[in-house]
Amino acid sequence: MTTNDPQDIENNLLSLSPQPVPPGLREKVIGSALKTRQNLVMTPWTRAGAIACAVLIAVSVLGDMAVARAQNDNLRALLNGRAVARPLAEDLGLLLAEISAQTSDVGKAELKRIALARPATRSGSLQDVLEARERLKGWLDRESESPESPD
Amino acid sequence: MNLEDLYGRYGENLYRYLLFRLGSPEDAEDVLQETFCRFARYAVRWRLVRKPQAFVFRVARNEVNRFLRRKLGRSGGDPVPLDRAFSFSAALAAPPEPSGLLLLELADRLPEEQREVIFMKIFDGLTFKEIGSACGIPANTAASRYRYALEKLRAGLEERR
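These protein sequence lines are chains A and B, in that order. Sequential numbering from 0 applies to the first sequence in numbering that gives the first Met the number 0. Sequential numbering from 0 applies to the second sequence in numbering that gives the first Met the number 0.
Do not rely on the hints blindly, as some may be mistaken.
What the hints assert, rightly or not - Simulated crosslink set (DSSO-like; lysine-lysine; CA at most 30 angstroms straight-line): (1) B:K50 x A:K27; (2) A:K34 x B:K151; (3) A:K34 x B:K70; (4) A:K107 x A:K136; (5) B:K128 x B:K151; (6) B:K151 x A:K27.
It should be emphasised that the hints constitute simulated quantities derived from the structure, not laboratory data.
Could you build the full structure based on these sequences and the hints that come with them?
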């Protein structure tokens, strides 16, 4: 050591030799790392797959909600702002009760068939409600034109 | 980069750094194993790592902290004896000449954060930027710690003359 220049100090430090690495350390370290990798429940690919599935599910749920809301808005607009699902079902129930009191046996059977189609409306299928209503209207028209009508 | 390549590039440097940090060959081996297990678990995408050397040292540093926390937990809150932590003399072979011994002794008296920067810079060849990334400090701070450490070593050597 001749001077105390920072460069000399660096060189002198560099001249100090490091402790030797214990023999077999490489095999030990790599072996345990490989064992860890084998024991992984979620490999990188399965993890990526799980994340992709979660994203897909979330997107489909959100998409379904958005589509349902858009359809609801469309129907509400078609029905002049009336709320769609519940009032229609209620209307239908009242109508069926009233008509069944003053109709023939054949008519009652037909009404029963229409009424059985009603539970589908509870699951929120507005299409079913509208179809049931149309069928009921058609049946009422037929009833009013037929000679067996009570009136 | 697979695990063998990773070990080939950084394994021995990491071992020496861990020996310097912990002062015990057994602890250094344990933490090195844990560090590589972590690399294996996370299947690091090395193409996306901008400074691999700084990254591996940072991971090793975090593992040291976890190891020390565990050790502290096992000791039931009592102080863990870490007499040889941050010790140059634990990581370096004793030099034959007295001037080398003196330098080692002076280096071991530096503040810990300065010792760490000196070790990473001189023995692991990290740049100040990489040291900054590994230690979570700005590169300028790493550079100034290095400068202060060399200045202290120089002053110590002058004093002993």
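Problem - Hints not upheld, ascending by number - result: Structure breaks hints 2, 6.
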